[in-house]
Each structure stands twice: as structure tokens, then as C-alpha cells.
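Chains as they are written, first to last, in my numbering: chain A, 589 to 857; chain B, 589 to 857; chain C, -17 to 240; chain D, -17 to 240.
Think of the hints as simulated: they come from the structure by calculation, not from any bench.
Fair warning: there could be bad hints in the mix.
[Said to hold, decoys possible] With a cut-off of at most 30 Å between alpha-carbon atoms, the simulated DSSO-like pairs for lysine-lysine come out as follows:
(1) B:Lys779 x B:Lys744
(2) A:Lys779 x A:Lys655
(3) B:Lys779 x B:Lys595
(4) B:Lys655 x B:Lys595
(5) A:Lys779 x D:Lys162
(6) D:Lys229 x B:Lys655
(7) B:Lys744 x C:Lys162
(8) D:Lys162 x A:Lys744
(9) A:Lys744 x A:Lys655
(10) C:Lys105 x A:Lys655
(11) D:Lys229 x A:Lys779
(12) C:Lys229 x B:Lys779
(13) C:Lys41 x B:Lys779
(14) D:Lys229 x D:Lys105
(15) B:Lys779 x B:Lys655
(16) C:Lys41 x C:Lys229
(17) A:Lys744 x A:Lys779
[As the list claims (entries may be wrong)] Which bits of chain D does chain B cover? Going by a derived footprint, with three or more residues having C-beta under 8 Å, they are:
(18) 41 to 50
(19) 146 to 160
Idealized CB from N, CA, C, for every residue including glycine.
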Amino acid sequence: MEFLSLKEAIAEYVEDGDVVAMEGFTHLIPFAAGHEVIRQGKRNLTLVRMTPDLIYDQLIGAGCARKLVFSWGGNPGVGSLHRFRDAVENGWPAPLEIEEHSHAAMAAAYAAGASGLPCAVFRGYAGTDLVDHNPNIRTVECPFTGETLSAVPALKPDVTVIHAQKADRRGNVLIEGIVGVQKEAVLAARKAVVTVEEVVDDLAPSSPNSVVLPAWTIDAVVEAPGGAWPSYAYGYYDRDNSFYLEWDEISRDRERFSAWMADHVFSHG
Amino acid sequence: MEFLSLKEAIAEYVEDGDVVAMEGFTHLIPFAAGHEVIRQGKRNLTLVRMTPDLIYDQLIGAGCARKLVFSWGGNPGVGSLHRFRDAVENGWPAPLEIEEHSHAAMAAAYAAGASGLPCAVFRGYAGTDLVDHNPNIRTVECPFTGETLSAVPALKPDVTVIHAQKADRRGNVLIEGIVGVQKEAVLAARKAVVTVEEVVDDLAPSSPNSVVLPAWTIDAVVEAPGGAWPSYAYGYYDRDNSFYLEWDEISRDRERFSAWMADHVFSHG
Amino acid sequence: MAEPYTASEMMVVTAARALRNDDVCFVGIGAPSEACNLARLTHAPDITLIYESGTIGAKPEVLPLSIGDGDLCRTALTTVSVPETFQYWLQGGRISVGFLGAAQLDRFGNINTTVIGDYARPKVRLPGGGGAPEIATFCGEIYVIVPHDRRRMVDRVDFITSLGHGRDGQERHRLGLQTKGPTLVITDLCVMRPNPTTNELEVVSIHPGVTVDRVREATGWEVTFRPDLDTTPPPTTAELEVLRDLKARTEAAHRGGG
Amino acid sequence: MAEPYTASEMMVVTAARALRNDDVCFVGIGAPSEACNLARLTHAPDITLIYESGTIGAKPEVLPLSIGDGDLCRTALTTVSVPETFQYWLQGGRISVGFLGAAQLDRFGNINTTVIGDYARPKVRLPGGGGAPEIATFCGEIYVIVPHDRRRMVDRVDFITSLGHGRDGQERHRLGLQTKGPTLVITDLCVMRPNPTTNELEVVSIHPGVTVDRVREATGWEVTFRPDLDTTPPPTTAELEVLRDLKARTEAAHRGGG
């Protein structure tokens, strides 16, 4: 574990062509890190995320992605992700290969990755058409009951990037509130980068069972206050729901999107 | 969920012949409930527990058990469970059928039970002799890599009994500290009985991610202060390590064991 | 004399009434969340609401915009990880009612939220399944809330994202599913339930002021009306008041954020 | 002049020295726990100790009697569930060293803690595997601590509870295991390591005052001594002091409990 600047961490740990998971289920989405990936012009990424959300809409629109592995590609509570749709429907700015799953499957696949298993076994996809379009949805037979169960490959990103509330000076990280699949995504990955709201002397987890990632499971910790905006950091700031509504307008149009990215992403960092 | 006395709860929810899991990994072992099961003379139970510990040594010695499903049958840090050994080696007070697993297998089997799956798939038992003696250790093939994985049947007790720190007046239960497999054991079971140190107005979990079992996952809550002794309740009292040492002496001898049970279990409650 | 109300209010109030005090609901965002919280704030104060972000027993002050707003966690009994949510709580069979929306809903209650047109070359790429494919098969029963028009209420969905009763109405039985699937569909025009034999959705009640012809025209298949066709009871003043308060609080909170 | 010390102290100190500051150890109760905590209190202050009760980064004040004493949780960085411990942390390949004891250990490092005699009709029923079968295959390497006598150090274990190098020394390779298995065995007489080719345990160093003959007599197979056989360095005064303090604190705490 090393403490790095955001620029250093992304330069060192995210490589062109990597399978990258930037997780955070509505909460603690690592937007600041995503913007740095865009600024550094990373290319041909396979982006993995249950809910691509605005962060991947931006990465896709900026041309960083070759492929998307996901389970729900909308603007939560608002509607479409227009950059994602433009890529899928019109190939702009580049064609986007997709591997689509359900939430249950992706959550299980991250857990399998964290568990060192080659696949996740669960009950899923019954009667759905997705099984005809995703060759990574297969079955296994229970050796006791003979039932047919679903299987998907474990998710094992090259690098997982998450945002969290706090790290202590040894690099141990605390996540509180809606914890999503972040622990699983970090433990499933070969490398992990964590941005945090603040670095503190004492992590002071509120419970012995608080979600803590030990420093030795992480490669780089970056102090990035506000790094989850417009998503939120429980205990620090609220979700900027109004920005999620605005994004619907910003992202509908290629030019307006590009202008916004120039002003808010490329000119910073 | 109903609040009951210990006597009522065991009478209503534990039946002769049931598959019973009394969990608590070293911490929060439901001894008071176990003693009530003994006092009520329940018979032919299939007892499930990763670490039988003194609680099952007592139940086995008292003749309640027909079968034991377990993964480590010792007196932790002390040595043997003499009543367990006497049953297995000499059939006293009755023969005891055993189904033996590893911790990894049992933990996964409880999680599978909680997840509504028929079996747990994991990597385990490589190169061990137990696979030749337990027909419930089987394999499945990963449909992606072709690797052979282990499988054990999901644990689905008729009733799970656990001890916890607190319940609120609605019957929601808080578990803190070493949480073991209690959540999984409760969610895997058809019925669940929880004894608690105290019933409080406000559960006041210390973290949003504290381990809480909602009232609607539980059938009966029983106030039983000290109900984990000689194990412990984090935040209430420590483990009585000296009693675990003493038990080694008490339990070595059938008569001394029976006398202790008469004085400390049968004469109470 | 009842107060005036909108078609959307009629829909949400009707959905809320279907919920019981002891239900454990897996709640989707939008109309399902409005209905579930309205039920909680009126006749079902003890209802348990679970959002797929892992918030169990959430009692939000305002309607969340997303499935994971901070208010859900702050007011929940406990918040668990997303893998646990899907494995122990949904797949584990702990949820009595799942509430889903739909971009397309067909005569057998199958739901499409994936694509309009062909999967590989979609006319419209929709968000996809999210939690819904497994919500549809693991909750005790499914309530669907959907605005009623021919674009949405179709004879046959382009893509089965979440199983209703299948292409021929009998798929759940064939798959050995123990759960009931869609038992109730609430639109802004009427209430529908599956036929006990064929599982085709039939109109059981029409909202006040809506005609049979209007329902027929808005439905993409030759829809059946039950012989004992009823008029849905209109919202009460009390229900409208609670719902409007909730929405006003919500509007203020979300526009004010930043 | 070194201080006098017991054979058990020699064993624990030697085991402790094998641990590095950046190790992540899965710790068993008894001698393994003594060695790991001695390492933590001497040359490896940042070592991470994980007990199978789910306590990650425990720094106990006194040695725990059980794998789940309250002190482990109280001093841990975090405490996770037992399923998570085995799935994410052990099976996930996060542990560098697993420390195991043994009722029987054979020439190929296989461990028996299940039965003496036949499984169905055991002469002695031992506690069983617990976490050990998977610790043995998922930790980067395994250190075994075991008192050295013919009852324990056997040619062939009655039962393979936890795989060492298998019945013929080559089983790990056949099973495709990526981990090293037992690389180090510390007894109260000597230190052993597997032969690089055959994986048979060989004596690499003998503790001060112990003779080759005594080791030979206490070992249940015709044991090989490495040509460059060494004498194990005795405990230092500082090591003994820390260990004895730790054990004195422990004794007081456990006898005083109640």
C-alpha cells in the first residue's frame, strides 16, 4: 500500500486494455478517479460495474471503453444513460461490446471472484431471454438434488477502483452506509485503488463489525475529498440528485456533453 | 415473532427428532437454551454445530442426540470433549451417528441454506481422507474452466437457536463482536429462537452495517441474561475460561458428569 | 364528494392499498416506491421495505431518487451488502411482494426493460434487468405498476427481461417455480389480474371515469374484462393528502440538493 | 551465557522467528498462537494475525484460550462472519502463512487430527479438522508446530485430515495446488523442512543440547539429517522475557476468569 496523488495512482495502476471495476452502488461512486482515467486518455478498457451510472456514461462518451459488463444501465430515478445508448445504438464515439447480466448474477460473480472461485453458482435468470444472448450464462447440476442451477464466471478485474469515507495512516479503509459490492470488488481484483474523503489518525470504526479493508488488500490510497460527487459519501455529503436530473439534459446531445467534459473534467485535475 | 419464556420457547419450537442448530462461534453460545432442551428431555435430535463445544457435549451426554453434524469437536484450547468421545468410542449413553465436515464446508453450507440453494460450491477437502467417509462431500465441474469443485448439501435446520446481545420491543435482534455463522444459521432454518441478554427500547446499533436480524426472521425471542455462560456476550461479560478448563475434569467421568448435570441443569429452570 | 386527483395518483393509491402491514417488499424506484411508502404512511405502518441497495426496513422521509439515497440507509433497520441482499434476502425467499415497473408488459405479465427491437441491433436500448429478473422469480408475488398505453401494454414483449407467466402463460409451472409471479397489475386506467387458468391478464376493475373502450384501445391485445367488473374505489382525501405531502417534501429535497 | 529455557520455549521462539513483518497469518490455538504473538511483540510488530473466528488483525493482550476470545475481537482491525473468513480471506488466497498443530504428522507433512485407528471404530476420536483442511491448501505456506515423539511423528498418518505433500510426497502437484504446503516443521527437538525433490521432511537444525540419536529415536521413520545440519540458535534473553511475560499475563487472566 502506498499513498499517492490521484494522478499517480491512475497512471500507475490503470493500464490501457485493463478490465476495470469502479464500484459503489449509488453511494460512494469514485467519480474523481473516473475523471482522472478520462483525463489520462486510457483506452480499450473493459468497464465492469453493476450500474454504469453517470461515471461510465462519461467514460464511454469519452471513448475510454471497448466493452461494458453491467446489469442495469440507466440514470437512477431519471431515465436513460444517453452516452451509453449512443454507443450501443449508434456506435458513437466507438462501438461498445456489452456483456449483460442481472444484479443477482453480478453480485454473486464479484463474491466468487473474492472467494477464489472460477464461477458463481446461484438460482437466476429463470425464463428470461438474456440466457440466449449471453454465452457466459451457463448451468450446473446440483450433485445432491439434481436441480439445474445457474452459473456465471467469477469477476476478476485487473484493477478495482472505489471511493470510501476514511483511511488511516497505515492505509486501512473504512466503508460505511450502503456498502454495495465494494469489498467483493476489491478482494476479487488483482490491484486495488481507493480514494477517500479523508486520511485520519484513527479509523475509529463505529462497530467491531464495520466494513474495513485492511491496507494489505489495497495497492494505493488517494485522499480525494468530494471524490464521490455527484454521488455521495454517507456522513460527509448528500447525493446531488439535482445533478443527476441535469445530466439527462447535458448528456442527450454529443456537443453539449463534450463541452461539459471540457469544462468540468479536462480543464481540471 | 413472539416474546416467550425460555421454557415456552423450547417447548413450542424444538421437537423430538428435529434437526437443531445451536450456533455461536466460541462467542454467544446459547447455553441456557441448551440446558432447557436437556431439562425438557428432547430426544433423537440431529445436532448441527461447527464446534460442538461444551453445549453439545452436555446434550450428547444427556442423551438428547441421535446424530451430530460438526466440523471441530474439541474443548477449545483445552482438549477433548469427553462426552462426545464416550458416545463415539463407546456408544454411551447412546450411539451417536456423525456427519463430519471442515469449517469451510459447514460455513458455506449454512450460507447456502440461507441463500435458498440446495448445495454449497467451494474449493475444499483437497487430498483429505474425509471425502472417503462422508458421502455428502461431492463435486461439481465448473462450466467455464472445467475445474472440479467441492459441493456439500445446504444446511437447513428445522430450528436454529442462537443467543444475542439485545432485542428491541419489536423483536429485532442485534449481534455484535464475533458474529460467527449465526445470521446464516437463522436464515437457513425453518424456525428460529433467539435468547438475548436484554430487551431494550432502542436497539441503537452502533453502525448502519451492524448485524441485525429483523423480527420477521425470528419466531421467538427470550430474555435470558447470562444465557451464554460459560461462553460470553461481548459487551456484557467475558468468557469463563476457567470453567472450560474445569469441564475437562467434570466431563471425564460419567458419574461426575451426571452429578454436575443434576446440580446445575436439572435442578434449575 | 371526493377531491379531484390525477390518473397517476389513482394508480399509486390503488397499488398502496394492495399492500399489507406484514408484507416484506422489494421496492423499485418510481411509482413502486411511491406506493410502498404511501402504504407505510397510511394503513401499513409496520411494512418492511427493502431496496436492492441493501437497506432493510427503510423508512425514508422523502422518496428516494435512486435505489441508494442516503435517507434509505439512515432510516433502515440495517444495511447489508449487495451480494447478501440478493443471496440471503431475495434468493433466500424472505420477500413476500416484489414491486416492478415495465417498459413493456404483455398479456401474460412478462416484463421487458431491456430492448425495443432486436437485442443485437436495438431500436431503443433500455436500462436492462437490474434486480428484476430474480425479483420476478423469488418474491412470493409480484405487483406491476405501469402506465396504460399500447406502446407498453403489448401482446408479446420484444424481450423477456423478467418472467411473468411466460410466452404461453404456463412457464412458471414448467420451471417448477414455487412463487406466484405477477398477481396484480395496476395501471392508470384499471386493475388487472391473471386468469386463474390461462394466466392471461384480465381487467378486474376500472378506475372511476375510465371507459371499457378506453382500456380496450390502450391495450395491445384483445383484453378480457371480468364478468364481475368493478369500479376501483377512488383515493380518499386522507390518502391524497399523505401522498401529496410526500411528493412535495420529495420535490423540495431533490431540487434543493447540490 | 544464555538463560535456561524449556524445550517448549525453544520451539515457540524458533517458530516465531520464521514469521516476517509483512506476513498475514491464519493462527491456530496453542503453540501457533504463542509463536505468532511472540513474533508480533518482538521483530514483526505489523504482522497480521487472523483467527478463524473472523478477527482480522487481532493484537490480543493475553493469549486467547479459544479461537474466539473477546480480546481477539476487541483488538482486531475488523471482525467478519465465519463464512466470509473462509470464503474471501482463506479461499480467496489472502493468507501467506498458516500455522497448524498436529496429533500425528508424517514424513510427508500430512496432518492427522481426526482419529487414531479406524475412522468408523476409532481407538481415539480426536477433534477433527476444523479450519485446517482448507488452511493446509489455501495459505501460501504452512508451518507446523508439534512436540517431537514417536506417537506423533509417524511414518504414515492414520488419517489425512489436512494435506501435507500426500502419501507419496507428490500429491499437491497432482492436484494442481499453487500453494506450497508444509515448508517448515518446528518441534521441541529440531527444525525440519521438506526435501526439495521428494518432499520428505528432513532435519535442518537441531536445538542446542539435543543429539542426533535422540531425534532419530523420537521419529517414526528413518529420518534424514541434512548434510549442512545446523544448531538452532537458542532463544535470546529478550525473546524469553517477552514470551514469559505474555504467558504470565495469560495465566493470570484465564485462571482469574469466572
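Within 8 Å of chain B's CB atoms, at least three CB atoms from the region 146 to 160 of chain D: coverage verdict: holds (count 5)
Given pair status - D:Lys105, D:Lys229, alpha carbons within 30 Å: Answer violated: D:Lys229 to D:Lys105 is near 33 Å, above 30 Å.
Satisfaction of hint between B:Lys655 and D:Lys229, Cα-Cα up to 30 Å: With a Cα-Cα distance of about 39 Å, the restraint between D:Lys229 and B:Lys655 is violated, given a limit of 30 Å.
30 Å limit on alpha-carbon distance, applied to hinted pair C:Lys41 and C:Lys229: holds (15 Å)
Given pair status - A:Lys655, A:Lys744, alpha carbons within 30 Å: holds (15 Å)
Distance restraint between B:Lys744 and C:Lys162, which requires alpha-carbon spacing of 30 Å or less: holds (23 Å)
Straight-line alpha-carbon gap B:Lys779 to B:Lys655, limit 30 Å: Since the Cα atoms of B:Lys779 and B:Lys655 sit roughly 20 Å apart, the hinted pair holds (cutoff 30 Å).
Given hint A:Lys655 paired with C:Lys105 - CA-CA distance at most 30 Å: Judged against 30 Å, a Cα distance of about 20 Å means the pair holds.
Proposed proximity, B:Lys779 with C:Lys41 (alpha carbon, max 30 Å): Distance of about 27 Å is within 30 Å: holds.
Given pair status - B:Lys595, B:Lys655, alpha carbons within 30 Å: holds (24 Å)
Given pair status - A:Lys779, A:Lys744, alpha carbons within 30 Å: holds (10 Å)
Hint consistency between C:Lys229 and B:Lys779 [alpha-carbon to alpha-carbon, up to 30 Å]: The hint is violated at about 40 Å.
Violated hints for the displayed structure, listed by number in ascending order: 6, 11, 12 and 14.
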